[in-house]
Amino acid sequence: MSIPQIDWGGAAPFLVLTLTALGILLFDLFLSVRHKVWLMHLGLTGVLLTMALLVSGFGDQKRVVGEMLILDDFSRFFHLLFLLIAALTFLVSVKDVEQERIHRGEYYALVLFATLGMMVMASAADLIMLFLGLEALSIPLYILSGFLRGQLTSNEAALKYLLLGAFASAFLLYGIAFLYGSAGSTRLDRIAAHLSHGAAWENPLVFFGIGLLLVGLAFKIGAVPFHLWLSDVYEGAPTSVTAFMIAGTKAAAFAALLRAFGTALTPLHAEWVAPLWILALLTMGVGNVAALTQQSIKRMLAYSSIAHAGYLLVAFLAGSSRGFSSILFYLVVYAFMNLGAFAVIIALARQGEERPTLSAYAGLGFRHPVLAFSMAVFMFSLAGLPPTGGFMGKFYIFSAAVEANYVGLVVLAVLCSLISVFFYLRVVVVMYMEEPREGQPNPVFSPAILITLFLATTATLQLGLLPAGMWDLAVRSVRSFLG
Amino acid sequence: MPLLSLITFLPAVGAAGLLVLPRKRQDLIRGAALGVSVLTFLLSLKLFTDFQVGVGQMQFVEEMAWIPSFGIRYKLGIDGISLFLVLLTTFLTAIAIGASTGVVHRIKEYMVAILLLETGMIGVFVALDLVLFYVFWEATLLPMYFLIGIWGGPRRIYATIKFVLYTMAGSLLMLVAIIAVGLLHAQAGGEITFDLTVLMHAEIPPAIQWWLFLAFALAFAIKVPLFPFHTWLPDAHVEAPTAASVLLAGVLLKMGTYGFLRFALPLFPHATMTFLPWISGLAFVGIVYGAWVAMVQPDLKSLVAYSSVSHLGFVVLGIFALNSEGIAGSVLQMVNHGLSTGALFLMVGMIYERRHTRMIADYGGLFRVIPFFGGTFLLVVLSSIGLPGLNGFVGEFLILLGTFRVHPLYALVAVTGIVWAAWYMLGMVRRVLFGPLTHPENADISDLTWNERLVLVPVLVLIVWIGVYPAPFLRRMEASVERVIVQVKRQQVVQGSEFIVQGTAAMNPEPSTMNREASSMNPEPLTLSRGGR
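These protein sequence lines map, in sequence, to chains A and B. The numbering of the first sequence is the working numbering, which starts it at 15 and goes up by one. The numbering of the second sequence is the working numbering, which starts it at 20 and goes up by one.
Chain B extracted, bound-state conformation (with noise of 0.2 Å):
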């Protein structure tokens, strides 16, 4: 059974199901898009189970040939990096659409659009062809595009506009890169074509992989957002309606991450030594500049917001430190970051849309008010800091201790992000829950609905448990994890080999001096990498 394309296509097709349903009957639609988007949900429970512990190649794999003439290929798959972030979609999906029932305008639109999203990014990460990865990671734009626009905040117009433009002006670059790396394997004998796993055996001269892998940092960069191309995220989310935020923080954020990991550092693995440098300080920096900003926010949103720049900000280190723990903490920090932040999207909207502020001015001593609310709220706070015994520690673990392997200066810097992320949210949790009721309009506020609570308790049953037990989790992309690495590294030492090999022979001076010179433009790597042994 093709597990991968019925997962993908299951919301498409719920999607144009629901264009068909009487636009009156609100709860027949809401029901519907719950109902399919739960099944979604439950399929890809059993690509969890049965997934082969110990493999790290891939794994559900569905291939059939779609554009022959370019050597374009229809072909799916997951390993274990994949695997969660295609359960993290769907079950965030599946959230955000049951904390749908503010929404009372369009709604059927509105479903279609979180449907038509979730495809889109299903895809993203099951597809192991580069074209096809392009159309999905496209595909997500619109859905998201009309999210904000229509059913965002009074400047959504503006900001879905600078969201779509920023994430196009990276992808298209990354298109023509795209095409460059299916020609260059024709060029080098091989057959034109575009398939991941083919892809990453081809040899690149560093000269050109230098561009090539630019193209695709800067779409990746865009998208994660890493400092300084994140200006567009403050503005999406702050005008976004609930579940489009929790969505786009949950798991588009992810996409740039996971695309660093499947395509950017797999592809060219002599331009990642090269530009590891600057990646890993400018995730440095948004670690650091993102909590900063985030502690001046008035704004809950654009607070969680912010934090999201600085919490990205230890993903993309932890992918950068190149060793099975930064890398794996920086999987597992993804779903903790869609998980933590997602859940907080969520709760600023459940009391956005009481008191219809998002000002952390206009709230204070709510705990008291609405204890349900509160308690939830510090719990998922704390994740999102990473106490111990709650998810985000294991993340954040794993990653602080990959990075200190390689570079214990910028480990040590990062622990003070953390301390920085425990003092803007403790100090944003300290003015919204606790404290005098100075607004004596927050004193009829009802705590959470049932059907809210419903919502909820999902999130916390996973933060909790991933942060008690995260074996489970760890176990099943151990094997992915270190295959990219061997595929980096490996890498490294073929290329090194071939240019001593060309260069004794010299049957080819131009590209061994193109190797010599980039290799000699950073020896750091090389001791980067040994450092890491």
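Bound conformation, chain A alone (with noise of 0.2 Å):
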């Protein structure tokens, strides 16, 4: 066997983002609890860094460590969404991490290292790869859901993702195992090649194989029915992680579904449109219902997020080119309004306070109304109303699957977004027109969490009533490797 060449420029991505993860690590030994705030300059400056470059490769394409990762603007696209959802990340964690008194310098690389595992996944071009990149990503994060060591909360999420993640990890390469004995290679090309001639369809191991593949990929998404994990861990998990987890680990997720069925499954064989109209429908109706009744607005995001991946697999099951660019576009817009969410809570929570409950938002709008403005924007673009990102997200998403056919699917989805008005704007009800209430937390506003919020509010607004920037962006990512 021989030792592959290594394209030193189309690696330096994953290469500084490593070198950071292990500075990180290493400074951590040198700096008492009061300086570990440097730790996370240190990251932020890894993450633009590795940034900058990505952006100064656009257009390029090619094929680096051993032809194992594809670097195209796809890859660009979703590597530059998960460094940036790591640098709100970060914004909004030191006061979370510094709060609960878990500050520790493993605390970002883990977030570095687990946004590495993304950017693996999105670069794939080999299911061995989207396995590893999967992995990378999972065990930091069971680490990170577990950080809360003392409270029982946050030790049952890391306990039910990891034993459930491992599930999912299995299904995952079960699949790819079958997908192997039925074409020969784990290379995505070699399999489209495979899968080209339609005899190869009727393989039952192909049948299987695709089956476990997208079983193990609709965990990580939280498609319902496999969706009994999230809840319980996005809310025992700190807060700056579940905002983390919500907002990347779907994004990471439906990057390996693109990459895995945009490449060598293309066009989705009709025998697998069925089971995924089920999945997207039961995802949307079960995220929404079930995110009606809960009390805990953590508990409550994460419910809706399972709603979320429900229309972003509408879009996945529309397919083409306009069906794929609406997902990418949608999970920008998703990415900015959960951080701002996000930062709102940990703004307002207490020590200890892992579930904040809706009541501590009474009155807020006239108390602090930059917050609750801010809180309220993201709640109606997560609603999906004008002029917010969110509304033409899903304008994007419907657009696509109606084109694609799938009306009556389209109007399935609304009726349920339509359901999440509910609980959405139940939020901004008790922001301003409930009285505030004795003993509520006043906001605690570092300049880290007012940028998060300005970054976040200003970004949700500008793709609500000026998108066609990122989405043209969008759809030259996609065509990059649909072709």
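For the record, the hints were derived by calculation from the structure and aren't laboratory data. All C-beta atoms in this analysis are idealised placements derived from N, C-alpha and C, irrespective of residue type, glycine included.
Partial list, computed: chain B residues near chain A (C-beta under 7 Å):
1. Ile86
2. Val154
3. Gly168
4. Ile169
5. Ile176
6. Met187
7. Ala188
8. Leu191
9. Val195
10. Ala199
11. Leu202
Join the two chains, each given in its own frame, into one complex according to the hints.
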């Protein structure tokens, strides 16, 4: 076995990020607790550097690390999204980790390692890489969700996530094995070549392979009925970790889904339409209905993230350049509105309170207008009301699905999002239409949280008012690998 | 000068400006909000004077790309129909802000919400791109949601959520239909576009029109509200603060009737004909039902709210008469209803501020105590029930004339609607204004203040003006009304002939059978339109 040639320029984004994470671990040894915030700055610098490297490479297409990873505009789009999520997570984390006394260097390093895993998933040219990326993402997250060692809920979250995540990984591996058994390779392009003969589809191995692959990724997406871990994990994990997971894991899993299916399994074989249709509908329906009754805002957002996975599955089902582009667009909007909402939650959270209830927000609209206004923008965007990015995202998804003739599913999707209007607006009702109560927490505005809020609010509104630029970028990125 | 954009966004800019004013200076905030709304109204008067009479096409058109890859454009324009609704909006907003002296709590946010609402409402009436229209349509929802939810009565949260959910249930399906209309145009060989003026000439297969029309019609029917989609309205009205009630009844409900006229009818002429008897029927049920329910309301506001259901039934009936009298009458009646019902809500609000009750039974004999209020109230009520010489008469007369020409029976029964209206309205006047002064605490009520008179006088002037001399209004809408009718009926002819061509050539048997089915399903509209000639 020969050692593959490494294109150092192409591998640079991955390397910079890895070195940053290792650097954080190293410097952590020399810093006292008061100065741990420098690790955040170090991490942020590494993330921004990586982003700059990626932006400068736009338009270029190559395979790196022995053709195991693809660096095209599609992967760059996702890499930038992951790095953005990581950067915003860093910004909202400081207050959270300081308050919860879990300010350790490992925290930032683990977030970066998870980001690296996401990047590998989006770049995977080989199913093995996809799996490695998924593991590199999941293992740091298992640790991070249990970071509040003293809290039972956090321990529970970590254990649940670990057990069910291991199951999901096993499913995924099993699927990969089946596909390998039928195609004789784990390389996506070879599988694609193999499946281009119609006869190959009749092999039951292909059927089971694709099915198990889907199940594995559906776990990570949180699609119903593979969602049972999600609400407990998202609620029990430290709030800033939840923010990272809610935006990042979903984006990474969809990147992998698109990479695998866009390269090897397009056009979607007819026998997969019905299962995906049902999967999408269940995910939207169960997510929204379950979110209706939640009192904890974190849990509500956890269930709502299931529902959003459902909308994204509608776009995935629609396929085509337009459907895939709408997924990319929606994931960007989704990252901004969720991280923004979590920034508000963190600003208002008190120590040891990992289950903030809605009543903590009563009267916020007039006590802290700026905070409440941005929260309202995020809620309207999540509900899909214009003029926010959430509306444009849904508009693109529904257009793609109507174009692909899934009108019935779109009608059901809008009815589901009608349900969601109720619980998103309930947050606004509590903030603006209920009187403040005694002993409510006062928000802590650190500059980092203010920056996050500002970025997320402007981005959410801008993507709603002038979405053309981001949309064109999404289309371009999808075109780079769909051809 | 982009006059329409200026009028549309001036209130929003004003709202942003209000945000920086100091919270303590309530008078300054009130003054600034009033100033912005009056300025907007004065600017919109320029639309009235510069409007070219006799031109049915869109005027003051502004156009630029918004989301090019989806063919979504920022396109504004008005014709003789939307002109009056824009004017009504700017007029009533200024009145509503002027009348909001009773609000002292969180006045800044209140004014910001009203001004943002104004931008949304004007936008709905000037947008010529379907997606842009939808954005404005939804944008009116949020300010009204806050207005009812923050400054409303005791059950405000229930009312406001009901309002939002009802409206969104309709509008989300409309969104799907809007997407479908644009994509159908692309699939038929054209470019993807949501430009109304282009899409009006698209020929959508009747079977698909059927569904698309239903989706649009549901959104509009909920907004109007057409029986049986009206149940959100009394709740919203009873809980809403006065200004919100004025704008809700005065403008927001017209978005529904306007939507029928501007979008549902021209885009789906075939389906319009199919559903015409049903919608007329619902309108007609609404007229009678609204009147009957209004008759037994103990609460002044819910009485006026149910009277709106009845009056808007007339408007819909007139639109679906599909002749120039009916539609012109409807457009005029939208304005009339905005003025008289707006004034009614204002005056109910004024008396509520004095006595903090809206129960009819708590009043009686007020005329002797507050004669100016009594006289004005009487005049507004008379305008609302369509007394000749006042505005309501002209609109209702034209609507009934138009309906009579196509459907004499409907017109006859609709006339009884006017009788019911006279009954419950005058009955309410009798119990509130006349008779003995049964409640001694009513003896010390003060008459209208100068501010309140100043707010009401412009409305009264218009009520009398339109009643006596409606020509300047009718003249401006004539050509546009004709154009809508031609649009709906011409496509009828075009599609009929196309079906013959397709049928004989047998090039594409499938759509032609759909055509045949759809037209055989409902032979009635053809006789109906012939009767209309």
